[in-house]
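Construct the entire structure; sequences and hints are all you get.
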Amino acid sequence: MDWNRIDSLVEKYWAGETTVAEERELKEFFRLLPPEALSAPRREAALLFRYYAAAETPQPLGKAFDARLLRQLEARPLAPPSTPRGWLVNWLKVAACLLMVAATVLVSRNEYRKAAETRRLTALETYDDPRRAYEATKKALLLVSARLNTGKAYAGEIRRMGEAEAKVRREAGSKQ
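All the letters of the sequence shown, read from the start, carry residue numbers 1 to 176 under our numbering.
These are computed hints drawn from the structure, not numbers from a lab. All C-beta atoms, glycine included, are put in the ideal place defined by N, C-alpha and C. It is possible that some hints are incorrect.
[Claimed, not checked] Quick list of simulated restraints, FRET-style, between CB atoms:
no. : residue 1 : residue 2 : range
1   : Val168    : Ala115    : 55 to 65 angstroms
2   : Ala123    : Ser145    : 21 to 31 angstroms
3   : Tyr51     : Asp7      : 11 to 21 angstroms
4   : Pro35     : Pro58     : 16 to 26 angstroms
5   : Ser108    : Arg132    : 31 to 41 angstroms
6   : Leu69     : Glu44     : 28 to 38 angstroms
7   : Glu11     : Leu73     : 43 to 53 angstroms
8   : Val101    : Pro58     : 48 to 58 angstroms
In structure tokens, the structure reads:
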């Protein structure tokens with residue numbers, strides 16, 4: 001085989017441009033030559049293609065494989081036997097999950113009932129007649145206004161008490 005052709009095929013291989021037939025040709029060529037007889041770049045390719053060729057051929061497991069595998073399996077510790085405490089822990093986990101599901105259902109039912117009650121009350125407070133809606137709004141605003149005015153009266157009393165306290169302090173300060 002021509003070294004120039006081998007070198008060009010190796011270059012094509014490194015560039016990822018070879019065909020399957022060309023790669024097979026390289027495997028056959030490098031399988032026959034010892035890697036020590038090649039230059040460094042060719043030796044690298046030879047080792048790679050020898051590896052590919054070796055990987056394609058199945059390797060027998062050998063007669064001692066079964067015995068070695070059984071020894072390794074026997075050397076492994078067995079799983080500890082289940083204890084009553086382990087069963088208790090598992091049942092407690094199940095009970096905790098059921099408790100969480102029950103709590104979620106109860107909370108969801110309560111929220112659903114609240115939402116249904118809110119929808120019912122909202123439907124009762126809806127007016128079809130604009131005059132009735134106006135009267136209800138006017139009544140609500142008068143109630144709010146009365147509550148605000150009560151607060152204003154208390155604020156006025158507090159202001160008068162503050163003024164009286166300041167006056168007493170001024171008079172007490174001027175007498176000294």
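Discussion item. Is 28 to 38 angstroms respected by the C-beta to C-beta distance linking Leu69 and Glu44?
Written reply: Distance hint for Leu69, Glu44 holds at roughly 36 angstroms.
Discussion item. 31 to 41 angstroms was suggested as the range; check whether the CB atoms of Ser108 and Arg132 agree with it.
Written reply: Given about 37 angstroms between the Cβ atoms, the range holds.
Practice prompt. Could you see if the CB distance from Glu11 to Leu73 stays within 43 to 53 angstroms?
Written response: 50 angstroms, holds
Worksheet item: Are Pro35 and Pro58 spaced within 16 to 26 angstroms by their CB atoms?
Response: About 23 angstroms separates the Cβ atoms of Pro35 and Pro58, which means 16 to 26 angstroms holds.
Worksheet entry | Ser145 and Ala123 - C-beta distance against the hinted 21 to 31 angstroms | The hinted range 21 to 31 angstroms holds for Ala123 and Ser145, with Cβ atoms some 28 angstroms apart.
Discussion item. Within 48 to 58 angstroms: is that where the Cβ-Cβ distance between Val101 and Pro58 falls?
Written reply: 54 angstroms, holds
Item to complete: Kindly confirm whether 55 to 65 angstroms is satisfied by the beta carbon distance between Val168 and Ala115.
Response: 58 angstroms, holds
Item to complete: For the range 11 to 21 angstroms, tell me whether the beta carbons of Tyr51 and Asp7 fit it or not.
Response: Distance hint for Tyr51, Asp7 holds at roughly 20 angstroms.
Every hint from the earlier list agrees with this structure, and none is contradicted.
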